[in-house]
Amino acid sequence: MRFLPTGEQSEFARTLRSLLGAAQVPATVRAWAAGDHGPGLALWSRLAGTGLCALAAPEAYEGLGPLPVELALGFVELGRAGVAGPAVETAAAVVLLRELAGHGEEAPAKRFLPGLLTGDTLATLTLPGGSPYALDADAAGYCFRVAGAAPASASESAELWLAPGWEERLGSLDPARGLGVPAAGGELLAAGPAVSAAADTAARWARLLTAAQCLGLGEALLARTVEYVKQRTQFGAPIGSFQAVKHRLADTLLDLEFARPLLWAAALSLSDGDVAAAKLTAGEAAYAAACTALQLHGAVGYTEELDLSLWLRKARPLRDAWGGPSQCRADVIRSLPQTTATRRVTT
Amino acid sequence: MDLDHSPGVAAFRAEARAWLHEHVPDVPLPSLETQEGFAAHREWEAQLHAARWSAVSWPEEYGGRGADIERWLVFEEEYWAAGAPGRVSQNGISLLAPTLFDHATPGQRARVLPSMASGEVIWAQAWSEPESGSDLASLRSRAERTEGGWLLSGQKTWSSRAAFADRAFGIFRSDPGAAKPHQGLTYLMFDLRAPGVTVRPIGRLDGKPAFAELFLDRVFVPDEDVIGEPGQGWRIAMSATGNERGLTLRSPGRFLAAAGRLAALWREQGDPADTALRDRVADAVVGARAYELFTWAGATRFAAGGEIGAESSLNKVFWSQYDIALHETALDLLGPDAELAQGPWAEPWVFSLAGPIYAGTNEIQRDIIAERLLGLPKGRR
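If you read the protein sequences in the order shown, they are chains B and R. When we follow numbering that gives the first Met the number 0, the leftmost residue of the first sequence carries the number 0, and every step to the right adds one. When we follow numbering that gives the first Met the number 0, the leftmost residue of the second sequence carries the number 0, and every step to the right adds one.
Some clues are possibly wrong.
Distance condition first, Cα-Cα at most 20 angstroms in a straight line; then the derived EDC-like pairs of lysine to aspartate or glutamate [unchecked claim]:
| no. | chain 1 | residue 1 | chain 2 | residue 2 |
| --- | --- | --- | --- | --- |
| 1 | R | 377 | B | 226 |
| 2 | B | 109 | B | 119 |
| 3 | R | 207 | R | 165 |
| 4 | R | 377 | B | 250 |
| 5 | B | 109 | B | 226 |
| 6 | B | 229 | B | 250 |
| 7 | B | 229 | R | 370 |
| 8 | R | 207 | R | 224 |
| 9 | R | 179 | R | 130 |
Over 12 angstroms on every C-beta distance to chain B, these chain R residues come out as not near it, computed from the model [said to hold, decoys possible]:
| no. | residue |
| --- | --- |
| 10 | 131 |
| 11 | 134 |
| 12 | 136 |
| 13 | 140 |
| 14 | 165 |
| 15 | 182 |
| 16 | 237 |
| 17 | 361 |
In case anyone wonders, no lab produced these hints; they're calculated from the structure. The beta carbon of each residue, even a glycine, is placed where N, CA and C say it ideally should be.
Assemble the whole structure, with the sequences as input and the hints as a guide.
So this is what it looks like as structure tokens:
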């Protein structure tokens, strides 16, 4: 048993962190929110160059994986940097296509995976049981839509469509997230129980990687706030020396530190219960970190001009994307073993 | 990264499970915070010891199995899952023994540890004093030099298990002229039945004497019962408080078992329409899993040579808050039956309420987290 990232896994995360640290991410996010996807797509292409997307795909499709632990560690870094765009959705599309190929439907994988793995193209998608809104379809080269009963199950049939775009772009609470309902019609790529099963797996990966982003986002919010309270003085002392401030930040760290191992375990097992637990905990921790960051920055934190806003505005949408807290709690309960024998209680 | 146990660990788990299945009493023992229950738990300790399960992580020469941290955690999981009794030897095994392994002489270890492992001698901790709780360095009870040993005088309080225990350990001011409050302290073991010791049991919230006040009037302690060098008591004691807050006091096994029972209770009595309560059950299940995994990550770090430092404060705040939330959820599920003093969740709930207070209050733990882990400046408390 070795329940810590290996040297190679940590090294991969460090590589991404340093790439993102040098990439002027806030400027790309502000451009993305303004409708200029160029800098964001260029960044995405560099990220793909590290093999990020290839981690979700098997070697048979020129992938490196599937390596969910590495991918999750990578998405922590995307969250930390506050990267905009359908990163989770692109990875989930890779999983969907890969799974479909595993069930004998190879044509879509052969057609779409090469561009997604190299980072030439981003994808977005909607899946049964998930949000009706696709993320950033205007920036993605492909908008997939899976139609079928929710939640998907292997015994049911579903259809995979390549949508012709979306009906209209709707604003998100986070201006760097564009939302829209995929337009009906388009091209039918596959149909049958295999699509249901693949969609189910893709949704689980999407939830896992969103949890990873939440963790990184929360860590970034905590780090920025710690720096701020060390230098901001009131009553002649740094506000970080006040116990009320310290305790709030201690609780933020606590939430994040206990979410992290849940994320790792979810990446290892990819079980419904573990993934739901990780998403629930990381999502709540990130949102709580955002509330604390806002409060401790005071009014300056409540402005859009401070870069902090780029992270603050993501916290709530990410907490709710691909399964909000209520959905995750229901999934945790559903995943419990069905034992009812009451054993003894001891102190 | 993985969570896979080796075949050797799996075999260890199977052996523990089989023994516990055969030996855990069918009827729960009386509360260990009563005279009768204390005696019954002492017998259980003897039974555990006979099969070398009472202190699995100790070397074999003292009655243990030399189990590594992974096996210890696995044993704890099996122990609590089997519904085995609470551990009356816990203070000695989890607080004093680690200190002895780090700081005692071989002779002291040989003298103290075997009778601790067998339950023949049950130890109470004697840290706090009426004026010294979180500010432990302010303690005032004295150890004065005398021929062949020391004379202890003063008052200790909130001494867990002392109402029925045999011996106690704590720190005493041996050099009142020392420059700083945490200097000039000495770590000593003493007999609770020695001349000069008066034990006054204190009833906790449910009336059970779970702790006691100790009045010490020139109690003689021989030199052989000093742990480490005189005057070094603070440094030695601090290595024990890390244990208290960290792994050894609250292993994940007990929370996993409790969360499992809570989930079973939800199935039996829960109202499917009450999603608020269902959500709290889910949170309890997730919390136990989080604590388990956090512990495995810490154990991996520890096994690789890392130390459990200020991270133990994260641990302590988490488990103490978790414990209360879990038990409150159980009481809410029970409805009117929750009030019954004899109910299976009643005493554990009372016990959980003390969690944020003992082992260093959660306020102090948050200060430690903020200052040592986040690097925030020290300030007025």
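We went through each hint and held it up to the structure:
no., hint, result
1, R:377 x B:226, "15 angstroms, holds"
2, B:109 x B:119, "15 angstroms, holds"
3, R:207 x R:165, "18 angstroms, holds"
4, R:377 x B:250, "17 angstroms, holds"
5, B:109 x B:226, "48 angstroms, violated"
6, B:229 x B:250, "17 angstroms, holds"
7, B:229 x R:370, "11 angstroms, holds"
8, R:207 x R:224, "30 angstroms, violated"
9, R:179 x R:130, "17 angstroms, holds"
10, 131, "20 angstroms, holds"
11, 134, "15 angstroms, holds"
12, 136, "19 angstroms, holds"
13, 140, "29 angstroms, holds"
14, 165, "21 angstroms, holds"
15, 182, "26 angstroms, holds"
16, 237, "20 angstroms, holds"
17, 361, "9 angstroms, violated"
Of the numbered hints listed earlier, those contradicted by the structure are 5, 8, 17.
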